[in-house]
Amino acid sequence: MLILSRKQGESIMLGDGIEVTVVEVKGDQVRIGIQAPSDVSIFRKEIYLEIQSENRHAVQSARDIDKLNQVWETLRGKLPELKNYNEQN
Amino acid sequence: MNENKYIVKFPEGLPGIEAGHDFQLFLPDPEGPFFELKSLKNEAITLVLTDPRPFFPHYRVELPIAELESIGITDEKAARILVVTVLSDDVARITVNLLAPVVINIEKGLGKQVLLNNAEYGVRHPLFSGTAFR
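Protein chains in written order, with the numbering used here: chain D, -19 to 69; chain S, 854 to 987.
Same shape as in the complex, but just chain D (with noise of 0.2 Å):
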């Protein structure tokens, strides 16, 4: 990992379209501003994670889809703004 040391106010390019600027220092948070072309997504890592474990327990928990369907049958009759969820599509 390539380390630097920026102060406030300072920047980092990213090749040439990314600017990744350190707006302020206080205590033990650090601001950053980032200006990045559009079509580059910028994630929170630790929210990263969890979109990816999000995913996979997902993935786990799919065996179940006939029961859901059930419960969807059952919901709908109980429901009145699910009851007419066919002429919305």
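I should point out that these hints are in silico values taken from the structure, not numbers from a laboratory.
Just so you know, even glycine gets a beta-carbon here, dropped at the ideal spot from N, CA and C.
Heads up, some of the hints might be wrong.
Claimed, not checked - What follows is a set of in silico ranges between Cβ atoms, one per label pair, in the way DEER data are often shown: (1) 884/S with 17/D: 41 to 47 Å; (2) 858/S with -9/D: 45 to 51 Å; (3) 972/S with 17/D: 19 to 25 Å; (4) 893/S with 6/D: 34 to 40 Å; (5) 982/S with -18/D: 43 to 49 Å; (6) -17/D with 893/S: 28 to 34 Å.
Chain D is fixed; fit chain S onto it per the hints.
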């Protein structure tokens, strides 16, 4: 989406899942909101996707234009929004990921899971919380 089966390509794949780019989207019950998304590369890999509309009528997904363009969507009407669902034996524990919806271009068969920059929505939101189910 009138057919029950539909081939969808995810050019960037799905985060956390090694299942290639090509999937079959299948609607087991044409009258229901639940879809199966099965990997064509590895049939053991299936996810349940749910149409969030009947459960979360106020759920709104604002997608950056670049995200839409990356799967060829120019008209928002072609975008079908579905949410990844984690099933459970206990119905009250079935959750959906509202923070990272799956967007599908129904005309071109292209899809992408989009991470919203919207702190309001969680990754483990109970599916039936907003209803009178319990």
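- request: Take the C-beta atom of residue 858/S and the C-beta atom of residue -9/D, compute their distance, and say whether it sits inside 45 to 51 Å.
  value: holds, 50 Å
Between residue 893/S and residue 6/D, does the C-beta distance stay in 34 to 40 Å?
violated, 50 Å
Is it true that residue -17/D and residue 893/S lie within 28 to 34 Å of each other by Cβ? violated, 42 Å
(request) Can you let me know if the beta-carbon spacing of residue 982/S and residue -18/D is within 43 to 49 Å? (result) Hint holds: Cβ distance 45 Å, inside 43 to 49 Å.
Task: Distance restraint evaluation - residue 884/S, residue 17/D, Cβ atoms, bounds 41 to 47 Å - done: holds, 43 Å
| Has the hinted range 19 to 25 Å been met by the Cβ atoms of residue 972/S and residue 17/D? | holds, 24 Å
The structure does not agree with the numbered hints 4, 6 stated previously, though it agrees with the rest.
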